[in-house]
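Asker: With the hints as constraints, model all of the structure from the sequences given.
Here is what each chain is made of, one letter per residue.
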Amino acid sequence: MNPRRRRLAGAASILTSLMLVAACGAGGRDDDDSDGGGGAAEVGVTDDSIAIGGTFPLTGVAAPGYSEIPTGAKAYFDFVNAAGGVNGRTIDFTVKDDGYDPTKTSSLTNELVLKDKVFATVGSLGTPTHSAVVDFLNDEKVPDLFVSSGSLGWGDDPEARPMTFGWQPDYEIEGKIIGQYVAKNMPDAKVGLFLQDDDFGEDAEKGVRQFLDDQIVGTQRYTSGNTDVGPQVAALQASKADLVLAFTTPSYTALAQLTSLKLGFKPDWYVSNVGSDPALVGGLLEKFSEGKVPGDASALNGVMTSEYIPGIDAPDNAWVQLWQKVWDANGGQGELTNYRIYGMSWAYTFVQALQAAGKDLTREGLVEALEEAGSSLEGPNLAPYRYSEDSHLGISGMELVTLENGKGKPLTKVLTTDIGDAEIAEDDSGQSEDAPPESGIPDVDAVD
Amino acid sequence: MRRLLGQPLVLALLGAVVIIVVLTGVDDFRAVQLTQMAYLGIAAGGLTVLTGLNGQISLGHGALMAIGAYTTALLLQDDEPTLPLLAVLVVATVVTLVVGAAIGVAAARLHGPYLAGATLALAVAVPGIALYFGDTLGGEQGLRVRVPDPPGWLLDAAYFVTGQDLTPSTYVAFLGWFVLVVTYVGLAHLSRGRVGRRWRAVRDDEVAAEVAGIALGRARVSAFVVSAAAAGAAGFVMAVSVRLAAPSGYSLTLSLMLLTAVVLGGLGTLSGALVGAALLTFLPQVITDAGVSAGLDDIRAAELAPLVYGLVLVAVVLLAPAGLVGSLRLAWHRLRATTTSKGAT
Amino acid sequence: MQQLVNTLLGGLTLGMVYAAFALALVLIWRSTRIVNFAQAPMAMVTTFVALRIIEGGHSYWLGFAAALVAGLVLGAVVERVLIRPVEGKAEINAVILTLGLFIVLHALAAVVFGNRYRSFPAAFGIRGIEVGDTTIALTGFGIFTIVAVLVVMGLLVLLFRFTDLGLRMRAAAFNQEVARLLGVRVGRMLTLGWALASLVGSLAGLLIAGGSLVHPGYMDAVVVYGFVAAVLGGLDSPAGAVVGGLLLGLSLSLVSGYVGSQLVALAALAILMAVLLLRPQGLFSQARERRV
Chain A
1 MNPRRRRLAG AASILTSLML VAACGAGGRD DDDSDGGGGA AEVGVTDDSI
51 AIGGTFPLTG VAAPGYSEIP TGAKAYFDFV NAAGGVNGRT IDFTVKDDGY
101 DPTKTSSLTN ELVLKDKVFA TVGSLGTPTH SAVVDFLNDE KVPDLFVSSG
151 SLGWGDDPEA RPMTFGWQPD YEIEGKIIGQ YVAKNMPDAK VGLFLQDDDF
201 GEDAEKGVRQ FLDDQIVGTQ RYTSGNTDVG PQVAALQASK ADLVLAFTTP
251 SYTALAQLTS LKLGFKPDWY VSNVGSDPAL VGGLLEKFSE GKVPGDASAL
301 NGVMTSEYIP GIDAPDNAWV QLWQKVWDAN GGQGELTNYR IYGMSWAYTF
351 VQALQAAGKD LTREGLVEAL EEAGSSLEGP NLAPYRYSED SHLGISGMEL
401 VTLENGKGKP LTKVLTTDIG DAEIAEDDSG QSEDAPPESG IPDVDAVD
Chain B
1001 MRRLLGQPLV LALLGAVVII VVLTGVDDFR AVQLTQMAYL GIAAGGLTVL
1051 TGLNGQISLG HGALMAIGAY TTALLLQDDE PTLPLLAVLV VATVVTLVVG
1101 AAIGVAAARL HGPYLAGATL ALAVAVPGIA LYFGDTLGGE QGLRVRVPDP
1151 PGWLLDAAYF VTGQDLTPST YVAFLGWFVL VVTYVGLAHL SRGRVGRRWR
1201 AVRDDEVAAE VAGIALGRAR VSAFVVSAAA AGAAGFVMAV SVRLAAPSGY
1251 SLTLSLMLLT AVVLGGLGTL SGALVGAALL TFLPQVITDA GVSAGLDDIR
1301 AAELAPLVYG LVLVAVVLLA PAGLVGSLRL AWHRLRATTT SKGAT
Chain C
2001 MQQLVNTLLG GLTLGMVYAA FALALVLIWR STRIVNFAQA PMAMVTTFVA
2051 LRIIEGGHSY WLGFAAALVA GLVLGAVVER VLIRPVEGKA EINAVILTLG
2101 LFIVLHALAA VVFGNRYRSF PAAFGIRGIE VGDTTIALTG FGIFTIVAVL
2151 VVMGLLVLLF RFTDLGLRMR AAAFNQEVAR LLGVRVGRML TLGWALASLV
2201 GSLAGLLIAG GSLVHPGYMD AVVVYGFVAA VLGGLDSPAG AVVGGLLLGL
2251 SLSLVSGYVG SQLVALAALA ILMAVLLLRP QGLFSQARER RV
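Residue numbers (our numbering), protein chains in the order written: chain A, 1 to 448; chain B, 1001 to 1345; chain C, 2001 to 2292.
Honestly, the hints are just simulated from the structure, not real lab data. The beta-carbon is built from N, C-alpha and C at its ideal position, and this holds for glycine as well. Any given hint could be a false lead.
What the hints assert, rightly or not - Some chain A residues close to chain B (C-beta under 7 Å, calculated; not the full set):
#  : residue
1  : Leu58
2  : Thr59
3  : Asp97
4  : Tyr100
5  : Asp101
6  : Ser106
7  : Ser107
8  : Asn110
9  : Leu114
10 : Lys115
11 : Thr127
12 : Pro128
13 : Asp198
14 : Asp199
15 : Gly332
Said to hold, decoys possible - Facing chain C, from chain B, some residues (calculated, C-beta under 10 Å):
#  : residue
16 : Ala1106
17 : Ala1121
18 : Val1126
19 : Tyr1132
20 : Gly1134
21 : Leu1259
22 : Leu1267
To be verified - Take a look, some chain B residues computed to stay more than 10 Å from chain C by CB distance:
#  : residue
23 : Leu1014
24 : Ala1016
25 : Val1091
26 : Val1094
27 : Arg1144
28 : Asp1149
29 : Pro1151
30 : Arg1192
31 : Arg1218
32 : Val1292
33 : Ala1294
34 : Gly1295
35 : Leu1328
36 : Ala1331
Answerer: Written as structure tokens, this is what we have:
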């Protein structure tokens, strides 16, 4: 080919691709005329709809399990929408797949905020992923609610991040609660820590060490994605630990149990709430070769864990019955799982927040309503939320249980605490006793 | 006129004008997308020189971008940056260049699949370093990047030229495209000059090149170094745009995406790399939206984009090995050839 | 001491799996001079086929056999439809093609089989064997893994060294033109090579999955480690692949247990680079002159 012509073609194609981009750009700017005619409407809110969104790993290594969370939330929003929505507005929930890659989270959150013009982001999942966008959301003054992760960054400093709210109990208070329990009740235990090598393990370790620093004989960390945990479990075994506190995701709980079986390592176990789902882990363990592993959900018998919302193991619980009804009516494929219940639970809290914010919905108003009424919201949570002007952290506590045939048998009352050196106390709010309203839709009075 | 148009610098100036026009006309969302296109384009430009012109394949360019990004992040930790942004860019590029030189020396001795495998291992290994040195490199959560505000004179100048205030997103987009233009001009100069001829000679026939007095090793290492420098600059733009350097952002997927970009566009041409980067930036959204409106649930729709990429990649290798740009060019050329020959008879 | 023994035994079983995977890569390399980067997702797909059958209430061994057959067929189809057109062209085309296939199979599996963890049964016990009063990290299934891989290696050596078919396959890979002149049906040999390789890859997939969890990405780590193992052995020699796999499995297990599990991939890279730079032809390759 003639070199000059080649250059010309090169120039032409660069120009063409820029034009193409320009055309796209122009296409992105015509979304501004969609105010529902209600005067000075808030971004994403019309007279009959509220647009919200969130980012979740629907593909990639983190997708198994976590991808079910938004399906649960969507089912609950559909359930509410079918009953007329909140203040006459239906909730339109856009789910974006970030594949657990912070770079994608960043561009997708941009898309949600700048192009889709959502009113708020709700439930966005993951610490590394959400870290990439939390400052952007606060700069843009977009409510950033109920991040699906127990990192401390979602609420420990409302001044720096006024729009961000956590939801689940943070990993540090879980560490504190189990740490104190072990120090009090098992003072002679030699404790091994088995930790995921990220903020999850780190924050939990911080909490645990407040009470157990002297009792810990070994600490092992696994890297998510590396499924061979044999060397780590062998090291715990060598440290002579007789109680292992595992802050792991469900698949790694199962892998750790399998590896211990292989190594003949038989300590007592505490497994973090995140990784102890008896239905899921038990289901994973049960299918191994015709009875070579103790079958079904009893695979985790005797394992200690914690609960902060009722889960699939308690089908008689009024909340779980509601979730089952919602899933049967509005769910997609598959069964109700604890991941879906988790999504439904924060979806419920979001509906409560919308009601508290009242008819004239604004972003500022929503945040203020949560700060004012958040700590008294009654939902599936066993302990109250910590929402106030000084803290945007979520549920304040949990109860410790032992698993028996897949069901949690309480070891303690619901214990509440806060980060730092806050005391651990039994909860007296009665949160764990409540049942959902008949309709399944909360009825919270607007604050003001 | 044609000769004039063909000069990289003239092209760059033309490009700069188009970039200014486009970037002032778009909203923040498009500006962020365009920044993404810019950093993918910069890295793909470097990769296309390495793979297309020198025949070395690299599945590890994502890891090289990570080195540029982490260098940037380490230098931009404080609210008051110690170095101006452009100096950070230079440092990030140089650090990656040095690392690239070390890898390049090893890579120069490897061929085809061996090189692919070694760079594949590189792509998988590098994120682990950030986890192991979690105290310095932030572990899984990564390092935050504090982007300094644009200098006052630039804001004034931008307002003077465009009549609009420069938003942070647009500022970063300008920065990204500025780096892209500079990189492409540099790469174009290199590949058209003596160095580029040597690279091609080594790619086409090692024995002949050696007979002609070209030091094979040196030619290979130099191509790798240049390519690594581009990846480092891309890492800088990416870190500044995402405002975070975290290991999961630089997984094997990123390396594969870069390779996809250069193959889709057409190996060995900068314009192809740019078109590939544009496709990677804008296509997933289109595909996912199409999937959702076709009635797929979110999860299945999300798998659609990688599926389409994979299929297109396979189809391009089988049906249009010259890539999209290359095939269009070939078709254009053939058309010209037929008309000319018809004219002659 | 017990920790060291168990870490090494864990590495041994893992190393055997890498070896099986490396054997598959060696087979394809010997038949077509291509490295199949899609080997792992191909094995993942066939493992899911086995899982479907076992979950459907059939026996483990029926699923096992079905996966192997599926592997055989998949390998032949891939060679015929996708690889044939790029054989003999620039190496990079084949590399990119198999990477494209990697992406496609991944996405397809996530759509068809769902993106969640499932447990995959093992044919034999998954509890460690007891020696005296300590349990060592060697399970019935682990022994099965080791035996299976050694048998496959032995069969491949027999095939290439002592059978007419093996000779023809080698000839076809070595020089197509000459082989054709000698009356070897080159096309068939190439297809056969891919089919056999894919079968061995499926076996590796089943061995990794046994007694553990599977999801569409569960084989991804093995892409890298299997490749490193194959290169350590020289990409050319079945015995080399097994030794390479073992070396890698043992060293990575030690790194994971005593240094940090984050550095496993880095250790693999370091080992790979060291071997390639000191002995570019790999530890066991016969072809001295070949440059890597």
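Asker: None of the hints should be skipped; say for each whether it holds.
Answerer: Here's how the hints hold up against the structure:
1. Leu58: 4 Å, holds
2. Thr59: Holds - the Cβ of A:Thr59 comes within 7 Å of chain B, reaching about 5 Å at its closest.
3. Asp97: 4 Å, holds
4. Tyr100: 6 Å, holds
5. Asp101: 5 Å, holds
6. Ser106: Holds: closest Cβ of chain B sits about 5 Å from A:Ser106, inside 7 Å.
7. Ser107: Check passed: Cβ of A:Ser107 comes within 6 Å of chain B, closer than 7 Å.
8. Asn110: 5 Å, holds
9. Leu114: 3 Å, holds
10. Lys115: 4 Å, holds
11. Thr127: 6 Å, holds
12. Pro128: Check passed: Cβ of A:Pro128 comes within 5 Å of chain B, closer than 7 Å.
13. Asp198: It holds, given that the least Cβ distance between A:Asp198 and chain B is near 4 Å, below 7 Å.
14. Asp199: 6 Å, holds
15. Gly332: 6 Å, holds
16. Ala1106: 6 Å, holds
17. Ala1121: Constraint on B:Ala1121 satisfied, holds at 4 Å.
18. Val1126: 8 Å, holds
19. Tyr1132: Result: holds, 4 Å to nearest chain C Cβ.
20. Gly1134: 8 Å, holds
21. Leu1259: With Cβ-Cβ at 7 Å, under 10 Å, it holds.
22. Leu1267: 8 Å, holds
23. Leu1014: It holds; B:Leu1014 is separated from chain C by about 32 Å at its closest Cβ, greater than 10 Å.
24. Ala1016: 33 Å, holds
25. Val1091: 24 Å, holds
26. Val1094: The assertion about B:Val1094 holds, with a minimum of 23 Å to chain C.
27. Arg1144: B:Arg1144 clear of chain C: closest Cβ-Cβ about 21 Å, beyond 10 Å.
28. Asp1149: 36 Å, holds
29. Pro1151: The claim holds: B:Pro1151 sits with its nearest Cβ about 39 Å from chain C, beyond 10 Å.
30. Arg1192: Given a closest Cβ separation of 22 Å, the condition holds.
31. Arg1218: At roughly 17 Å from the nearest Cβ of chain C, B:Arg1218 sits farther out than 10 Å, so the non-interface label holds.
32. Val1292: Given that every Cβ of chain C is farther than 10 Å from that of B:Val1292, nearest at about 14 Å, it holds.
33. Ala1294: Given that every Cβ of chain C is farther than 10 Å from that of B:Ala1294, nearest at about 13 Å, it holds.
34. Gly1295: Per Cβ check, B:Gly1295 is outside 10 Å of chain C; nearest 14 Å; holds.
35. Leu1328: At about 19 Å from chain C, B:Leu1328 clears the 10 Å cut-off, so the statement holds.
36. Ala1331: At about 20 Å from chain C, B:Ala1331 clears the 10 Å cut-off, so the statement holds.
Going through the hint list in order, the structure satisfies each hint without exception.
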